[in-house]
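Protein chains in written order, with my numbering: chain L, 1 to 255; chain C, 1001 to 1449.
List of simulated lysine to any residue pairs, SDA-like, C-alpha gap at most 25 Å:
id	chain 1	residue 1	chain 2	residue 2
1	C	Lys-1339	L	Asp-58
2	L	Lys-102	C	Arg-1329
3	L	Lys-96	L	Ser-209
4	L	Lys-80	C	Arg-1329
5	C	Lys-1167	C	Phe-1154
6	L	Lys-80	L	Thr-59
7	C	Lys-1339	L	Arg-68
8	C	Lys-1410	C	Gly-1205
9	C	Lys-1339	L	Ile-60
10	C	Lys-1093	C	Ser-1384
11	C	Lys-1339	L	Asp-78
12	L	Lys-96	C	Glu-1330
Label-pair ranges, simulated between beta-carbon atoms:
id	chain 1	residue 1	chain 2	residue 2	range
13	L	Gly-116	C	Ala-1285	48 to 56 Å
14	L	Arg-11	C	Pro-1256	27 to 35 Å
15	C	Lys-1257	L	Arg-85	20 to 28 Å
16	C	Ile-1440	L	Ala-31	50 to 58 Å
17	C	Pro-1242	L	Glu-140	39 to 47 Å
18	C	Pro-1325	L	Ile-185	22 to 30 Å
The set of hints was computed from the structure by calculation and includes no laboratory data. For every residue, glycine included, the Cβ atom is placed at its ideal position computed from N, Cα and C.
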Amino acid sequence: MTADAPKILARNVQVHYADTHAIKDVDADIADRTVTAFIGPSGCGKSTFLRCLNRMNDTIDICRVSGRIELDGEDIYDRKVDPVRLRARVGMVFQKPNPFPKSIYDNIAYGPRIHGLARSRADLDEIVETALRRGAIWDEVKDRLDAPGTGLSGGQQQRLCIARAVATEPEVLLMDEPCSALDPIATDQVENLIDELRSRYSVVIVTHSMQQAARVSQKTAFFHLGNLVEFGDTDQIFTNPQDPRTEAYISGRIG
Amino acid sequence: MTDQAPQTEAQTAHRSLYAPDARTRRRNAAERRFRLYGLIAVAVGLGFLAVLLTTIVRNGLPAFTQTHVTLEVALPEAVVDPAGTRDPALMAKVYTFGYEPLLDSALAAAVAGQGIDTDMTPARLGRILSAGAPAQVRRAVLADPSLAGQSVTFRLLASSRVDGYLKGRVARADLAQDRNLDPQHLDIVDELRVAGIVRRGFNAGFITGADASESRPEQAGIGVAALGSVFMMLVVLALALPFGVAAAIYLEEFAPKNRLTDVIEVNISNLAAVPSIVFGILGLAAFIQVAHLPQSAPLVGGLVLTLMTLPRIIIPARAALTAVPPSIREAALGVGASKTQAVFHHVLPLAMPGILTGIIIGLAQALGETAPLLLIGMIGFVASTYPDGVASGFLDPNSAMPAQIYEWAKRADPAYYERAWGGIVVLLVFLLGMNLIAVILRRRFERRW
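Kindly produce the complete structure, drawing on both the sequences and the hints.
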């Protein structure tokens, strides 16, 4: 595999919810160690497409996905693929912080435990500490790892969820509007964190805020009515969009 | 639109906040009226509850006390052990008829000892005692043969008429038609009572004892029937708990949403509303006539109640599972948990308080259920002996608490009526205990998120 081969490759992806054609013929290459932002108006399919990348849509009965999505050249919708193993490699952070109603420690340790990543208690302690450090929340919680994760503030909870997602050593991190429930200060912290995560992971972030996309991403994809309208370098999308729809959205005329 | 006042010139002009308009007054009046209706409804409910509870307690409490006669009974060897071997097997050949004269003369001696003058024969005097008293003495002698030849003090049951007299249920006038007791007996009882020989005390036998024949209400207890209820509840718990919870989890978390599961769902809801007697006749047909399980057995009763309880467990269990926010499932799936792991590690613990409450409420309903037991023969059967062992507890004919209460309420003797109320008190204590457990479990398992 060459160095610039895409981490995730999507070709001809279609998603149907019962009779609704939610994603139409999307092709996308998502690079490794890069932040890719998905932008677009509500209901354009950006979250749906994101959830295709770790097969979260499998849990929705009426959802059908066709086309081809590859992770490192392997088709993730192949019949031999167990979505559980896929999700260990493609982690996800959700819109609303959703820590388990357990201790901070158990929140992080849960993933490594079920995947058997730790051989001993000391191992697990180390994994938890590393994950919390990567989640940029270690200093705030190191003295109260036994406290419930649900007792943290919204921004802390979201960083805890990011730490939880990185604890299983994923290669790709999917984030579905991770800052929409946070205040500006917490948003800033999470954005800085995303920038740091880029050195290890391929990060895909769905966002409603174009400023955020411009701040954190290197690549931007603009979705509209289920189509991937334009996909390119973030600078180019925001300064010199090729498609009139992209331009209309960025300048605030649609959306 | 209804909330918007129509635009008129008067209203577009200055309106003071201090002066409520007619519309606001009407709305506030409607709200006050509604609150009043609610308060009245609650007050009426509480009033009925208070009446119910005081009636139950007032009528039921007398069953927990019983009149006893304390007598020193001589047990001559010639009567209780004619062979002189002290061998219980041989001594058992002396039936209660043999003991009766001993008690009669003991009573006569006690009466004479108090200086009470009477022209009644000892046998007639003996009607003060319960017909079950000789059996009590005989059991004691057979359990300890060395008592033969001695004089032993016994606390013997008084007859239900005497008991009723002490409780104010029987008056002298009532005895005019009575062939067992006449007012003269009551005069003697009065004097024996002053002497402390006849005394009304706590009646442990009512809680632990077995049912008795129609002529000996003073002997009847609810203990054996309560044991029958306990065995039935064990069956219900062992079957309804795993099947109900498993069905709820499967339907809620795993089942595909299609027409078949829709039909199943509708049917479960409908089953919860099916009258319990329908389950009774189903049990009669399926378990007794087809499967040939023993009649009147707590096992069959438990199976029937399981059928009845299952939908009542499944429905609240599903509601509890639905109430767990989907974000928890997504979080678990997102870190790579399998569906089963997500359910058992995260969803189920959060739904546990609700599921447990549902189970215990279901069990409590099953405990109080009478109608299905009617059809499998657990009513009308006199459970007069304790089951010997666990297998016998499940398979031997027995009754259940509500069935026993129904049985007592049917009987003519007012002494049994009193016992029916007493049985209700015991049943309510059981139910209260179960509800208490539900509350405690709920507190313990409750977690915030």
